[in-house]
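Quick mapping for you: the protein sequence lines, in order, are chains A and B.
Quick note on numbering: this note's numbering labels position 6 of the first sequence as 6, and the sequence is numbered without any gaps.
In this note's numbering, each residue's number is its place in the second sequence (first place is 1) plus 1000.
Source of the hints: derived by calculation from the structure; they are not laboratory data.
Among these hints, one or two may not hold up.
[What the hints assert, rightly or not] Partial list, computed: chain B residues near chain A (C-beta under 8 Å): (1) Glu1011; (2) Ala1015; (3) Pro1137; (4) Met1140; (5) Phe1207; (6) Asn1321; (7) Arg1322; (8) Asn1335; (9) Ala1341; (10) Lys1347; (11) Phe1348; (12) Gln1352; (13) Leu1574; (14) Lys1575.
[What the hints assert, rightly or not] Output of the computed footprint for chain B on chain A, the stretches with three or more beta carbons under 8 Å from beta carbons of chain B: (15) 77-88; (16) 142-149.
[What the hints assert, rightly or not] Listed below are the simulated DMTMM-like cross-link pairs for lysine to aspartate or glutamate, each with C-alpha atoms no more than 25 Å apart in a straight line: (17) B:Lys1138 to A:Asp123; (18) B:Lys1329 to A:Glu271; (19) A:Lys284 to A:Asp112; (20) A:Lys70 to B:Glu1426; (21) B:Lys1373 to A:Glu76; (22) B:Lys1347 to A:Asp71; (23) B:Lys1489 to A:Glu271; (24) B:Lys1329 to A:Glu76; (25) B:Lys1238 to A:Glu138; (26) B:Lys1329 to A:Glu145; (27) B:Lys1347 to A:Glu76; (28) B:Lys1138 to A:Asp180.
Positions of the beta carbon are idealized from the N, C-alpha and C atoms, including for glycine.
This is what each chain is made of:
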Amino acid sequence: MAETGTGGKPLSFQGLILTLQRFWAEQGCLVMQPYDMEVGAGTFHPATTLRALGPDSWNACYVQPSRRPKDGRYGENPNRLQHYYQFQVIMKPSPANIQDLYLQSLVALGIDPALHDIRFVEDDWESPTLGAWGLGWEVWCDGMEVSQFTYFQQVGGIECNPVSAELTYGLERLAMYILDVNNVYDLPYNDPTSRAPKTYGEVFHRAEVEYSAHNFEFANTDTLLRHFQDAEAECQALLSRGLAQPAYDQCIKASHLFNLLDARGVISVVERQSYILRVRTLAKACCEAWLADRFRKERAA
Amino acid sequence: MAELFIELFMEEIPARMQVRAGEEFKRLVEDKLTGAGIHFARGEVHTTPRRIALAVQGLPTRQADVREERKGPRVGSPEQALQGFLKASGLASIDQAEQRDTGKGVFYFAVTEKPGGNTADALPALIDAAIRELPWPKSMRWGANQFRWVRPLHGIVALFDGKVVPGALTLRTAEPAPEASEGNTCLAGEVTSVTLPYGDTTHGHRFLAPDAITVTSFDQYKTALRQAFVVLDREERKRLILDGAQKAATAQGFVLKDDPGLLDEVVGLVEWPVVLTGTIDDEFMDVPAEVLTTSMRTHQRYFALQTADGALAPRFVVVANRTTADGGKAVVAGNERVLRARLSDAKFFWDQDLATPLADRRAALGAITFHEKLGTMLQRVERIEALAVEIARILGDDAATTDQVRTAARLCKADLVTGVVGEFPEVQGILGGYIARAQGQPDAVVTAIADHYKPLGPSDRLPADRVAVAVALADKIDTLVAFFGIDEKPTGSRDPFALRRAALGVIRLIVENGLRLTLLDVFAAAGAAPSVGQELLAFFADRLKVALKEKGVRHDLIDAVFGLGGQDDLVLLLKRVDALAGFVASEDGANLLTAYKRAANILRIEEKKDGVSYAEQAVDLRQMALPEEQSLLGALNDATAGIEPLLAAEDFAGAMRVLSALRVPVDAFFDKVTVNAPEADLRANRLRLLSRIRTTLNRVADFSRIEG
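Looking at chain B on its own, in the form it has when it is part of the complex (with noise of 0.2 Å):
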């Protein structure tokens, strides 16, 4: 058993783009080693900044020997067929084919045994073909070749068994060359091609340890790669970063503010990682904190710390990719240097916002275009103020409250033309809210501006509040009103504006906040037209069906109350849903369903062919020949009386309850009346008494949009 061993060097990957390369081309290289009959044991990748590792254990020196099997005409067939089938299977005579009975005739098949070759042999092409399928994000020409990889792509190392696999890759074909101008030398058609030979050598840490590395098997490689200072193993990288994070966050007295994205991507910045700890000079400390984390985080990709109460410390950690002749002396004072100068930008903005108050940046939002048909920001303000203001009134809020509505949605935007939201537009809304504690707003409006823009998304925190939920309500409904108003709805993939979070953030607001409120009537404050009110409401039920199908509630479920029409307060739609779902899961309420669904099966059948709908005519109680069909109408009598007052109570547990006393008659009902009866007048009755069934049901669900 022998083991592949490849490695493909190349300039920086992008860090995002290295874990998904490395599997992609294991899957691609295993996938063709069982296309050839190459079985193997199991395959090992890892990926750093410069190279993707793959080795593969446990393969054959020889590959499988293939049997064709190849079933031809019939025995007797003309010789034109037999000629045919002598062709296409590569046989001299019909004498070498074998003849096999299969139950219908017996037929010539041509069986060839192909030995297998040396797996050697197979391997060239195969890691050609791995290489060049290796999907990347976006790829790049580089030089005169028309290759394109990530970045120029410099080593391969390929060996089997410990030997070099011959090959190469083709970067270049011959072309015949272009005409040069001007006299220049012209270098983009050469005639001769240009090749990157499979070989045994690498390089180690691009500064530490530059010198060719000559590789013999994967157990040597990992070994050469440590004193070559590259550590190979991603996960290893992200246990020393974290470990040295921690130890470097608790000689300081702090904590390491837990941050797994940014963990990833700088695992992918470095060979060789160096845990580093730098200062925030104090002068910083009092700008805003989510600034100065935004600043370090997203240009800096340093990790913050914090104090034990959770509050910003004076510090970062920086991962350096190497160990530096002054123990990192120079790397820190470049790093806090770098970071001063970041900082220093931001504070300037910072004391520059805080002079002036939010309220005067309402002209400033005014020269903002918010979108070409919808208006300025400034006209969007107003909007939303109106639309809060309503809410607050819908949810019963009193008068100073809906006064604290009023004044955080007409600021809610205005840090949006502040200076430090110029350079760290990630900090919008969370700077308006300290910009307005700075300025003396009460403590609800600070929190209503800082968290309008919450929920981003099914785990983001809710905003609790109410002066906060109405503002946070009114913009994202706003936003769907107006886009839906211009015809710009998402479309598959397609949703430019966000309108699917923000969908599901109203509904989040709603449903884990409990409020009460009827969307359509909210959609029309909003300036929807009643048309537009509808198409939002089915985008809502749709966002309703993929939220809770994480939560497990049948989407079918919710397709049976919203099917009731008119269902706007998701509260009570859920409430319903909720009834529902015990409902259906009782014996009771299993039974029932059946029986509703065949009562519906006959009525359309019948309604069908009688041109009539019998959900309009009353029950004749003359016509009834069986105590079945009476006690059905009894039964269904009681339960309509029953259930009104249940619903009107919004107690739909208690209405399905009453429902399941439906059940007996029913099924007696089944049992014993044929309801295509002979008699014409018994038959359009017995019609009348299952047309009941489906309009009492009718009452809590449209029981025909549940599956099952």
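Chain A with its partners taken away, still in its complex shape (with noise of 0.2 Å):
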């Protein structure tokens, strides 16, 4: 089946997805998968998160379902979603040729570098919760954020040695752009011309519609408040016993239970910072537990 036009420029939403895959398998990067939980960002998935510390190399990427509760526009936006897709790249320890690596992603995505204005404007990302930061920039294409680029600095805390570079694309921005759409429910989720094409509305339209209501109105908060009381406490736990990843698991349960509290708009602002730092300090743990590799050592002496 036909995902890319003349020049290798993707058809579809998923045409997409494989060229990025593709590229950046070529350039040494393991394609993971997504990471089967509820995260906010491609970030939290571990292969980011605990993969950035520590002094191995590591290379990879993935598509990253996101989940931004208060994002939710029960379908009526043709820019928002409450549920969206990112692309994840991480290399580390940095390469010194990657933002000209980066570059030649776009080419492949058919951005023509001739015919657009490409540009590094600053952009420093933290992530409160997750005790993270680093320096870089968006990266405008024509003046539209296409990317985010990251060298981390700090995870869970941690100074990261050696630094990764992380680089985020934002999937349905970058083809709505690529593949002139403007309505983010019109894009071809697969190639328009094959035998079943289906848009990205036809996939997606009735969950978003589905998912805001149960953001803004119906989940329930007494549930998710003890939901989130119940990760926290099986995270420290499970931190007792050195078990990381695992642990790791229960603070992004957390952290995604917090996103849907605030949607449902039952966190005050000031409570808002002692629930970050709550997870925040699960984060950390977690990563601390992370490089501390304590359970298996303990079972091999």
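Hey, can you piece these two chains together into the complex? The hints should help.
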């Protein structure tokens, strides 16, 4: 099935994903699969958060479904979704030519630099819940932010050494730009000339409507609060056993539950800070546990 | 004479950091050259998004000779002292030392002449130090390096006299490799170090001329860069952008909206500026102009164009970083598309926001915490409403105006829960005004809502309309009273709730509008305890001094008037300060000030000695020996009687003129009368007279606080 047209330009949303995967696989990245949990951004995937730590080399790319409950618009806004896709690349240590590699990936996507104005505009990245920050840019193509480009300096409050380069492509927005579509729901999900073409809307519109109602109206806040506390307690219990990644799963859960509570509007400005701090405390402990690798070492001993 | 040229070539430097970094690098290199005895004619530095280029002209190829002199022990000192001196100065024997008479004895001097080395030999260490010491507001590591820089540094050109300076910047020093886990290759600890050698190659524009360029001199570099699509000179880029934008505006029949801040930023985003014009879709032109320009400016860095009458034109100017094969068509189309997406979001919110009456948003304000200890935003709005109405009453507003004040205060924060302000916080207030107008509120209420955050600084436009002034004052005074009440005062450079700005806003609103109100009463109306009110007044005194300092008003004169106590009417206070300034500048005034200080000094000493205060004692007419005492008392009585009605009429200049009449009798008194007379009764009475001078002058200001 043709997913790319002449010159390799993708013809569909999935064509874009396939192009990016192939491109970064050729640069030595492992093609990972999405993490099987609800996360707010691709950075939460353990392939980034945990692997950015420690001295080992690590090169990976993957698509990560990301959820921002507050961005739900009941399927009515052509540019905003509460569930969307990020394409994430992490390369550790950051290669000296990472900017060039990134620009080549745009060429692979069919963006001809001779016709467009591509720029790196200061945008430092920070994730308060992950205790992570880095310096970098938003990459602009004709004024549109097509990617986030970050050199990780700290994750979980721990200095990154060596430093990873993290690239995040917002897939829907990028696809709309490349495929010249003004409404996300009109994006061709697969090749529009194929035997069974589907649009992005046909695949996801119903989910956007339903989840918007869930996020804003029907998610049971008492249950969410209880689940938040459970996840927090479970995370700490697992940490006491030195089980870093299972504990980190609970930290991810707590983070998503917090986002849902926030969307339901039951968290005041002041409480917000304390919730963020609670998740960050978990994230830091998980990152420390990951580096300590205590459980395996004790079993081996 | 030779040229030193250095170029640091890197990944994109944040626009806001470029100028400062260039200046700092120039300063560091120049200081180090001077420190090494290498004199030069002049330095010139340039910055672009990807490079810092420094050229220093007129360097000698050899450093100046350095003559060092070390003073040793006195001639004839013990052997031990001589040996120590020889060791420290590096002389082989004491015969090599000069003997010199310093006037305090004959001493040994070691004189060493160090011939200056080759300049080139001093440069590598000097350049290395300058690079390492360059301060960045934020810096980072990359790859497996330890070196920190603003973004990855890729190349260093260092030429002296046309030749590459031998040297390299160490990015990573050798260190033992830590243990790798899971069988992965470990890259953190290489046994070898990594360096970036100084060289003579750089690159042109990232896309238009990425190939290597060999540099031989600064002049050749400038020419080569221009051919490689880089305009090195920031000022030239600025001119190109400004001229281009103005021409583009004129071509479309519009005027470029002046925006120096945006221009400064855009200059730092491009090496090869190309000015292009795009169109704003008509369907967005009914969205408030401030929302459109905020989106265009802060998110997209577009310049706005205006029609002849100052309205927003349906065009924008974007500065691209390159020419393109299609003459910018795709670039413009892309930018228009991005703007369309952004503005359709704004329009969506705007249409929605219009549908809800502002008054119906109060409940939502109740769900927002203003501050943990200060309740919800709704409670704050209720406080502002009560205070604004009270201020209107104090200012003597009529019932209709007061009603408008109440309405505006009730609605002033409602836009905080609108969709547009959620997306564009910069338009808070302004948006509320637009909605209020659309929902039929009268002009005075609309203006008051739109302007109630103003003024936001010393040069921001000031609300002048009565309704707007009352609400703007209430907004700021509520903030000040509330935060002082929970002991959240600004300290040093920390002022997280912008209380200094709020106080300055209140001062400007009162002073520049000539409003007569007593601040302590207003603070009390805002719920301030008396102690908080006094603290706030002292805070205002400080802010007033800062604000007036720029206008050349002496801070000690403000202190002198505040020293009277209870001075909480700022207009009156400044009138007094004004009159006082005129008075102390006059000859009579300066003279009286000296006499006052003399009297106060004598009193301070004698009252301390005697353990009594003469201020509380009446002057005794019977205890006077000299006519000068009597005429001074007479003059003081006249002055006291004369100034009271003038003070009551707020004629401070007049009161000062009355005081001037005291000069002659006061001078005569000090000339002829010995205060500390041997007769105890005379002495006490003279001290009482001095005390009267003090109390009389203190009726108009506390003269003890005046300097000079």
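Hint-by-hint comparison with the structure:
1. Glu1011: holds (6 Å)
2. Ala1015: Nearest chain A Cβ about 7 Å off; hint holds.
3. Pro1137: Result: violated, 11 Å to nearest chain A Cβ.
4. Met1140: At about 4 Å, which falls below the 8 Å cut-off, the nearest Cβ of chain A leaves the hint on methionine 1140 of chain B intact, so it holds.
5. Phe1207: holds (5 Å)
6. Asn1321: Hint holds; asparagine 1321 of chain B Cβ to chain A Cβ min 6 Å, cut 8 Å.
7. Arg1322: holds (6 Å)
8. Asn1335: Cβ of asparagine 1335 of chain B sits 4 Å from chain A, so the hint holds.
9. Ala1341: holds (5 Å)
10. Lys1347: violated (11 Å)
11. Phe1348: Check passed: Cβ of phenylalanine 1348 of chain B comes within 7 Å of chain A, closer than 8 Å.
12. Gln1352: This interface hint is violated because 11 Å lies over the 8 Å limit.
13. Leu1574: At about 39 Å, which exceeds the 8 Å cut-off, the nearest Cβ of chain A leaves the hint on leucine 1574 of chain B violated.
14. Lys1575: Violated: closest Cβ of chain A sits about 44 Å from lysine 1575 of chain B, beyond 8 Å.
15. 77-88: holds (count 4)
16. 142-149: Per the Cβ count (3), the hint holds.
17. B:Lys1138 to A:Asp123: Given pair lysine 1138 of chain B, aspartate 123 of chain A holds - Cα atoms ~12 Å apart, limit 25 Å.
18. B:Lys1329 to A:Glu271: violated (49 Å)
19. A:Lys284 to A:Asp112: Not OK: lysine 284 of chain A and aspartate 112 of chain A at ~42 Å, beyond 25 Å, violated.
20. A:Lys70 to B:Glu1426: At roughly 21 Å apart (the allowed maximum being 25 Å), glutamate 1426 of chain B and lysine 70 of chain A satisfy the hint.
21. B:Lys1373 to A:Glu76: violated (39 Å)
22. B:Lys1347 to A:Asp71: holds (17 Å)
23. B:Lys1489 to A:Glu271: holds (23 Å)
24. B:Lys1329 to A:Glu76: This hinted pair is violated, its Cα atoms lying about 31 Å apart.
25. B:Lys1238 to A:Glu138: Holds, at roughly 23 Å.
26. B:Lys1329 to A:Glu145: holds (19 Å)
27. B:Lys1347 to A:Glu76: holds (14 Å)
28. B:Lys1138 to A:Asp180: Status violated; Cα separation ~38 Å.
When the structure is compared with the earlier hints, violations turn up for hints 3, 10, 12, 13, 14, 18, 19, 21, 24 and 28 and for no others.
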